[in-house]
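Here is how the chains run, residue by residue.
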Amino acid sequence: MTEILFAIFIFTLAAFLGFELISKVPPTLHTPLMSGSNAISGVTIIGALVVAGESGSPLLTILGVLALILATINVVGGFLVTDRMLRMFKKRD
Amino acid sequence: MESIIQTAYLLASVSFIVAIKMLGSPKTARTGNLLGAAGMFLGIIATLLHREVVRYEWIAAGLAVGTGLGAWMALSVQMTAMPQMVAILNGFGGAASALVAIAEAERILLSTSSEAAYFTLSTIGLSVLIGAVTFSGSFIAFAKLQELITGRPITFPLHHYQSLILLIASIVGTIGYTLGGGTLLLYGLSAAAFLLGLWIALPVGGADMPVIVSFLNSLSGLAAAATGFVLNNYLLIISGTLVGASGLILTQIMSKAMNRSLWSVLFSAVGKSSATGTTQDKNIRSTTAEDVALMLSYAREVVIVPGYGMAVAQAQHAVKKLMDALTVKDVRVRFAIHPVAGRMPGHMNVLLAEADIPYEHLYEMEQINPDFPQVDTVLVIGANDVVNPAARKDTSSPLYGMPILDVDKAKTVIVLKRSMNPGFAGVENELFYQQNTYMLFGDARQSIEAITQALKNM
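Heads up: the sequence lines are chains A and B, in that order. Its first residue numbered 160, the first sequence is counted upward by one per residue in the working numbering. Its first residue numbered 3, the second sequence is counted upward by one per residue in the working numbering.
Hints were generated in silico from the structure; no laboratory data involved. Remember, predicted model here, so these are calculated numbers, not experimental data. Hints are supplied without guarantee of correctness; some may be wrong.
With a straight-line cut-off of 27 Å between C-alpha atoms, the simulated DSS-like cross-links for lysine-lysine are [as the list claims (entries may be wrong)]:
1. A:K183 - B:K258
2. B:K395 - B:K411
3. B:K29 - A:K183
4. A:K183 - B:K23
5. B:K322 - B:K411
Model the full structure from these sequences, guided by the hints.
Next up, the structure:
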């Protein structure tokens, strides 16, 4: 039970932190912020790695590898495309 | 070993927090993104040390395939196609979270040792629910933006009641699964949630798109956070929640820019109400590229209003050349950017940046609106609903109350448009029939190139 409460505790604090972090972002950065944070949401890759790598049933492995591929596309594609965009913004200063 | 992994997760969490913070400021954004990538790398390496991870061949294969596809997509995508790129990546993230949760459900089924706690079951249900909605919703957003299906609102009879029923079915399914209903119920609820995602995204068109794209972004974060609860992994909880919260803020900014609540975007379609006013008897004045060049060259100041049409025509580089040609003739050029111009938050800013148009020339709606009465010429490039005066005047219009760019107050307005079709909201735009408005029909890029050519020939 304490473990659950602790997880909810962390969730609540992270939510407040998230709202505080993004309070004033210029419109120019809306897209990079979205695609960058989108890449971060691919953190579910960590769960996928465990499922794909453990010695489970074939069904678990299939689910895990599928999740792993999708999450990896999310992470790699997200960070790379954000960098591509931000490189363009950089050029002029 | 466990403490090394947890320390790495802590460092990764901190790097994500700092990364999101840095993404909010132009000077630090690029470093922030790289820091986020570094944190992710650290998290992945640490996970490979996990004692349950014993087989690496499938991991290597999955990582290789995902990296190859992800890198190919990121490096080959056109800047104009960025909204659909973000949408599809969102969808993949949501699907991955749902699949991990389903795998966890199957594992619980296999382990006969102990009954899973209600809390774990409920988070599995939530993770599948949110993940499935994110996946199918993002997929439809992608298909619409990629023009695989029509970008106009698609609705069924009593559409929003159906959506509500699907929402309730998903929630009831989650509760049922939590109370020990078995995995069949889990698959049932994932099907309902999948349909719910479709039902939410299908009616969305045009200016609602930035709202739904940022909302799905938020959901993909929440899906990851829910998976974090399933696995009791604090890194997933923290980073997923951060993304969920920041995505919600962006969604709020977008909804405010349209003067609509998120609920009304999700559960009531725009454009279904009848197009207001009969306009058959009104006249439009169409013009030629040469005339436009003449009007622009005599102006002291020109304000350019870009919209989705500029993105579709890939006209941003042509716009930059036009701006240069006007600057040579001592005409001041500014850009007026509506918050929901385009199909995702900041869409126009990305395109203009790609074309090397300096940031100082871009003005937000609140900054530039008071200036329009003094502006000689406004050039509207493929924007429609965000310059529709009906939003200010016509209480019966579906757009009523949405803050718009007051271009109709300028001395002369030139509208570049493909044809006389109404905007995505399906609403007539009386701006086109105004005394001081000239229409130039055709592909935006070709039109602008023709104007630039005519300017140079003068």
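Going down the list of hints, with the structure as the test:
no., hint, result
1, A:K183 - B:K258, "holds (15 Å)"
2, B:K395 - B:K411, "holds (13 Å)"
3, B:K29 - A:K183, "holds (14 Å)"
4, A:K183 - B:K23, "holds (10 Å)"
5, B:K322 - B:K411, "holds (25 Å)"
Hint check: no violations occur; every hint is consistent with the structure.
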